[in-house]
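> Chains A and B, in that order, give the protein sequences.
Under the numbering used here, read the first sequence as residues 593 to 1042, first letter to last.
Under the numbering used here, read the second sequence as residues 277 to 465, first letter to last.
Quick caveat, the hints were computed from the structure, so don't treat them as lab data.
Given the structure is predicted, the values throughout are model-derived calculations rather than measurements.
The beta-carbon is built from N, C-alpha and C at its ideal position, and this holds for glycine as well.
You may find that some hints are simply not true.
[To be verified] Below, simulated DSS-like cross-link-like pairs (lysine-lysine); rule was C-alpha separation at most 27 Å, straight line: (1) K955(A) / K762(A); (2) K452(B) / K1007(A); (3) K975(A) / K911(A); (4) K785(A) / K461(B); (5) K461(B) / K847(A); (6) K762(A) / K729(A); (7) K852(A) / K461(B); (8) K639(A) / K671(A); (9) K936(A) / K955(A); (10) K852(A) / K428(B); (11) K865(A) / K936(A); (12) K720(A) / K762(A); (13) K452(B) / K965(A); (14) K762(A) / K639(A); (15) K452(B) / K785(A); (16) K955(A) / K865(A); (17) K428(B) / K847(A).
[As the list claims (entries may be wrong)] One-sided excerpt, in silico: chain B residues whose CB lies under 10 Å from chain A: (18) D363; (19) S365; (20) R399; (21) G400; (22) R402; (23) E403; (24) Y404; (25) I406; (26) A415; (27) Y435; (28) E438; (29) G444; (30) H445.
[Unchecked claim] Quick look at which bits of chain A chain B covers, simulated, 3 or more residues with Cβ under 8 Å: (31) 802 to 814; (32) 825 to 833; (33) 867 to 880; (34) 944 to 956.
The lines below spell out each chain.
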Amino acid sequence: MLNRMIRWIPALLCGGLLWSASAYAVLEIQITQGIEGGVPIAIVPFKWTGSGAPPGQDVSAIVSADLARTGRFKLLASKNFLERPHSGAEVNFENWRSLGVDDLVVGQVRPAAGGAYNVQFQLFDIYKAPTGQDIGKPDYQIKQLAGYSVPSRANELRRTAHYISDIIYKQLTGQRGAFSTRIAYITVTHGRKGTLYSLQVADADGYNPHEVLNSPAPIMSPSWSPDGSKLAYVSFEGGRPAIYIQDLATGARQKVSARKGINGAPAWSPDGKQLALTLSYVDQGNPEIFVLNLATHALRRITYNSAIDTEPTWSPDGKSLVFTSDRSGGPQLYQVDASGGRPKRLTFDGSYNARAAFSPDGKLLAMVHGEGKVFKIAVLDLKTGLFRVLTDGREDESPTFAPNGSMILYATVYKQRGVLAAVSVDGRVRQRLQLRDGEVREPAWGPFTD
Amino acid sequence: MSNMTKVLMVVVLGVFLSACGSSGEVKPGSGAPVEDHSQGLPAGGASGSGQAGGSTNALPGQSGVSTDALDNPSSPLATRVFYFDFDSSEVHASDRPIIAAHAQYLASHPDTHVVLEGNTDERGSREYNIGLGERRAEAVRRLLLFQGATDKQIQVVSYGEERPVDPGHNEQAWAKNRRVEIVYKRGAQ
Chain A
593 MLNRMIRWIP ALLCGGLLWS ASAYAVLEIQ ITQGIEGGVP IAIVPFKWTG SGAPPGQDVS
653 AIVSADLART GRFKLLASKN FLERPHSGAE VNFENWRSLG VDDLVVGQVR PAAGGAYNVQ
713 FQLFDIYKAP TGQDIGKPDY QIKQLAGYSV PSRANELRRT AHYISDIIYK QLTGQRGAFS
773 TRIAYITVTH GRKGTLYSLQ VADADGYNPH EVLNSPAPIM SPSWSPDGSK LAYVSFEGGR
833 PAIYIQDLAT GARQKVSARK GINGAPAWSP DGKQLALTLS YVDQGNPEIF VLNLATHALR
893 RITYNSAIDT EPTWSPDGKS LVFTSDRSGG PQLYQVDASG GRPKRLTFDG SYNARAAFSP
953 DGKLLAMVHG EGKVFKIAVL DLKTGLFRVL TDGREDESPT FAPNGSMILY ATVYKQRGVL
1013 AAVSVDGRVR QRLQLRDGEV REPAWGPFTD
Chain B
277 MSNMTKVLMV VVLGVFLSAC GSSGEVKPGS GAPVEDHSQG LPAGGASGSG QAGGSTNALP
337 GQSGVSTDAL DNPSSPLATR VFYFDFDSSE VHASDRPIIA AHAQYLASHP DTHVVLEGNT
397 DERGSREYNI GLGERRAEAV RRLLLFQGAT DKQIQVVSYG EERPVDPGHN EQAWAKNRRV
457 EIVYKRGAQ
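Work the whole structure out from these sequences, hints included.
In structure tokens form, the structure reads like this:
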């Protein structure tokens, strides 16, 4: 039935991750602004073909939420459906045309051996017309954009759903989806025992949060290794800052810097072999940028200036570092060769530009932009010099790009509470991510891992 | 612009917190060993004021009446927090005589140690604020050294905006949070 368009996907994931998951709550995501005239699409709830109770995770609902969250689609409410097909041969395309949708997704979840599943789905372009070689083919084969059968282990249906979202998103936008990636962030809760800081990692949709570390002392500045297997971060446990690298699968960690003074702002190099960081041990009260070789532990000093030099970030090609310095009086962004040399000033708009983040293609730089006493996220196009303020908060900080470059996630304050927000690079889509209780801050969007 | 404000998912899996470790304890994943490559501080160094929210009050005398000026609430030494203007590390003129009194105390008590904890308000970027907090603490340290304290007596740690005394998001809170605290470590070393 799904014959030639079915492509078998190798089992998605092997081996679960080991976590010290003890205390967590899920981030709730709200779309606060979507695109006017997003692509109208219908996703028919997938049919469970098994005899017993359907699986706990609703694949088509997760896919719907993924696509809606991007703000680029307008999902048709299922109460308006005229039919509920589960495979291409059952679709009457006239029905969907009359409802004004451009694209349609149908599918089914089938039981497989050992409690596993096979998720089959098809994506159709309602308006796709036949070409010469389509003569004699049924309508659904002509209009099909993608059709897959995805094997899924029992506990991996969410992951399978995100994988399906990635396929649909790529088909419809031409851009790689980031639904299967993860985010790290810091939560802060105020309880009876005082303030508790927690470093957490969750799926990009806020689900499956896991605690990496908790501490009564501040935790700061999480940075992903480029392969997504480790986090570097700053922890003040013991009353002094130190930089740690922690393996997410095993929990094992290394203390990589605990020098006198500041040990801050770790940033992994794109090749995974070096860590840029901020240290002040050479000259107390004077933070400078260094690069630490993770294999040899050799330190290379990058900046030489009595100003605050901090917040290094690597260009995606690994050839240069962008950092914050107040050498001109207030904080501005500078770029320097990764081997050192004379930094070049990049920002001239306003009196406060700090904490740069590169877009994955290296073309854009997101930053914290101060206007008077208000701080927003701005983006600088490095080629054209075009500078745009993207957000409208008062205390926006810690921008981080999605690995496909589509969205910028950042921290903000909403109703007196620390929350995360995301904005599309064109400013047209906005989301808010918040915890039921406590504050969340310092998001770091993880890399693609396949 | 359409304002959809649509709640797409509302799930709370875990109950926030509870049995995850007693206070004062740091829990890395699976309790795996920490490999130390940090060429760091010698163990046993004064380890900062650490966990409890910065102590700004005079230390209580351990056994009844104390004659130590540190325990005298009307001494200038009872003032241990110094405030700063936005994005500034300039010590206020009114704080200088108080810092001088601390310097004199340290000069006459060479076994006494302090930690200078630098703090900022929440505005701006976090790691830049760590730098700013250290610069503020450094400004106080220089005054202490200039007036008789020795280098060995003083440690500096910057918490940036991470440990506000007032968690509010307003001018009043920010003014309280832009500060350097002198934390005495009597008998610690």
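> Each hint should be assessed against the structure and marked as holding or not.
To see whether the hints hold, each was checked on the structure:
Between K955(A) and K762(A) the CA atoms are separated by roughly 21 Å; this keeps the pair inside 27 Å, and the hint holds. Annotation: proposed proximity of K452(B) to K1007(A) holds, straight-line Cα distance about 21 Å (limit 27 Å). Pair hint K975(A) plus K911(A) holds up; C-alpha atoms about 17 Å apart against a cutoff of 27 Å. Restraint check for K785(A) and K461(B): the C-alpha separation of about 23 Å stays at or below 27 Å, so the hint holds.
Between the alpha carbons of K461(B) and K847(A) the distance comes to roughly 26 Å, so the proposed pair stays at or under 27 Å and holds. Only pairs whose Cα atoms come within 27 Å are accepted, and K762(A) paired with K729(A) is accepted, the gap being roughly 25 Å. A distance of roughly 18 Å separates the Cα atoms of K852(A) and K461(B); the hinted pair therefore holds under the 27 Å criterion. Between K639(A) and K671(A) the alpha-carbon distance is near 16 Å, which keeps this suggested pair within the 27 Å criterion.
As the CA atoms of K936(A) and K955(A) are separated by approximately 17 Å, the hinted pair is consistent with the 27 Å bound. Of the supplied pair hints, the one linking K852(A) and K428(B) holds, its CA atoms being roughly 13 Å apart against a limit of 27 Å. At most 27 Å may separate the alpha-carbon atoms for a hinted pair to count; K865(A) and K936(A) meet this at roughly 25 Å. Restraint check for K720(A) and K762(A): satisfied, since their Cα atoms lie roughly 17 Å apart, inside the 27 Å limit.
For the suggested pair K452(B) and K965(A), the alpha carbons sit about 16 Å apart, so the restraint of at most 27 Å is met. A distance of roughly 24 Å separates the Cα atoms of K762(A) and K639(A); the hinted pair therefore holds under the 27 Å criterion. The suggested pairing of K452(B) with K785(A) holds, with an alpha-carbon distance near 23 Å, which does not exceed 27 Å. Under the criterion of a C-alpha separation no larger than 27 Å, the hint pairing K955(A) with K865(A) is consistent with the structure, at around 23 Å.
Taking the CA atoms of K428(B) and K847(A), the gap is about 25 Å. The hint holds against a cut of 27 Å. Restraint check, D363(B) versus chain A: the minimum CB separation of about 7 Å is within 10 Å; hint holds. Because the smallest distance between the Cβ of S365(B) and any Cβ of chain A comes to about 9 Å, under 10 Å, the interface hint for this residue holds. Given the 10 Å rule on beta carbons, the hint for R399(B) holds: about 6 Å separates it from the nearest Cβ of chain A.
A cut of 10 Å between beta carbons decides the hint on G400(B): the least distance to chain A is about 6 Å, and the hint holds. Nearest Cβ of chain A to the Cβ of R402(B): about 6 Å, under the 10 Å cut. The hint holds. Below 10 Å, beta-carbon pairs count as interface contacts, and E403(B) has one with chain A at about 4 Å; its hint therefore holds. The restraint placing Y404(B) at the interface with chain A holds, with a minimum CB-CB distance near 5 Å, inside the 10 Å limit.
For I406(B), the interface hint holds, since its Cβ comes within 10 Å of a Cβ in chain A; the closest pair sits about 5 Å apart. Here the hint on A415(B) is kept, as its CB sits about 8 Å from the closest CB of chain A, short of 10 Å. Checking Y435(B) against chain A by beta carbon gives a least distance of about 6 Å; that is within 10 Å, so the hint holds. Because the beta carbon of E438(B) sits about 4 Å from the nearest beta carbon in chain A, less than 10 Å, this interface hint is met.
For the restraint placing G444(B) at the interface with chain A, the shortest Cβ-Cβ distance is roughly 8 Å, inside the 10 Å limit, so the hint holds. For H445(B), the suggested interface contact is upheld, since its CB lies about 5 Å from the closest CB of chain A, less than 10 Å. With a threshold of 8 Å between beta carbons, the proposed coverage of the segment 802 to 814 of chain A by chain B holds, since 10 of its residues qualify and at least three are required. Closer than 8 Å: that is the beta-carbon criterion, and the segment 825 to 833 of chain A has 7 residues meeting it against chain B, so the requirement of 3 holds.
Only when three residues or more bring their CB closer than 8 Å to a CB of chain B does the claim for the segment 867 to 880 of chain A stand; here the count is 5, and the claim holds. Evaluation of the coverage hint for the segment 944 to 956 of chain A: fulfilled, as 3 residues show C-beta separations to chain B shorter than 8 Å, against a requirement of three.
Going down the numbered hints, you'll see the structure goes against none, and every one checks out.
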